[in-house]
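Using our numbering, read the sequence shown as starting at 235 and increasing by one per residue.
By construction, these hints were calculated from the structure, which means they are not laboratory data. Cβ coordinates follow ideal geometry from the N, Cα and C atoms, glycine included. Careful: at least some of the hints might be erroneous.
What the hints assert, rightly or not - With beta-carbon atoms standing in for the labels, derived distance ranges:
#: 1; residue 1: 375; residue 2: 312; range: 16 to 26 Å
#: 2; residue 1: 322; residue 2: 373; range: 36 to 46 Å
#: 3; residue 1: 259; residue 2: 321; range: 20 to 30 Å
#: 4; residue 1: 352; residue 2: 389; range: 19 to 29 Å
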Amino acid sequence: MWSPWSRAPAAEQEPTAAGPSLLDGSNPVFGRIEWRNFNEVTNLDAVLLRKRRTSLREGRRFLRGYAWVTVCPAELTERLGGTAVLEDSGAFHRVLPLRAGGVLLQASATMAGYTDQVMERVFEVLAPVLPPGEPSPDPAHPYLRFVPRDAATVR
235 MWSPWSRAPA AEQEPTAAGP SLLDGSNPVF GRIEWRNFNE VTNLDAVLLR
285 KRRTSLREGR RFLRGYAWVT VCPAELTERL GGTAVLEDSG AFHRVLPLRA
335 GGVLLQASAT MAGYTDQVME RVFEVLAPVL PPGEPSPDPA HPYLRFVPRD
385 AATVR
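Please model the entire structure based on the sequences and the hints provided.
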């Protein structure tokens with residue numbers, strides 16, 4: 235099976251190698267690395283029909299989304315129980331704390347390994363800090379990956 239990441243440079247297959255050093259100086263509101271979505275609207279915001287401004291304004295109250303690699307701010311990391319709880323959840327390949335607060339969460343070793351089952355585990359662990367709402371697929375963007383459940387029902 236061919237994957238766009240099978241021939242990717244090592245930096246693309248190991249985003250956690252440089253990521254923490256780039257993020258350590260701040261407590262980022264959010265960050266992500268995912269396939270085929272390079273704009274400012276996250277997959278979750280798109281399927282929840284959340285406006286970008288709302289998502290940004292509420293970024294320390296609700297996590298803006300989840301992806302192969304997700305950056306979670308300190309405030310939400312604390313609500314999830316902290317770095318150790320995230321590590322112990324088994325949902326992440328790597329959990330790297332950032333010096334100024336927050337964590338970088340890598341769901342699987344490679345992007346190709348970010349299967350629907352892995353995404354489901356990530357969703358379940360992050361559900362307590364995800365915005366509520368029933369996601370609705372957008373036919374104009376069939377490549378958006380998301381778990382088709384309201385995070386509020388998982389809490």
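Outcome of the hint check:
{"no.": "1", "hint": "375 to 312: 16 to 26 Å", "verdict": "violated, 33 Å"}
{"no.": "2", "hint": "322 to 373: 36 to 46 Å", "verdict": "holds, 39 Å"}
{"no.": "3", "hint": "259 to 321: 20 to 30 Å", "verdict": "holds, 23 Å"}
{"no.": "4", "hint": "352 to 389: 19 to 29 Å", "verdict": "holds, 21 Å"}
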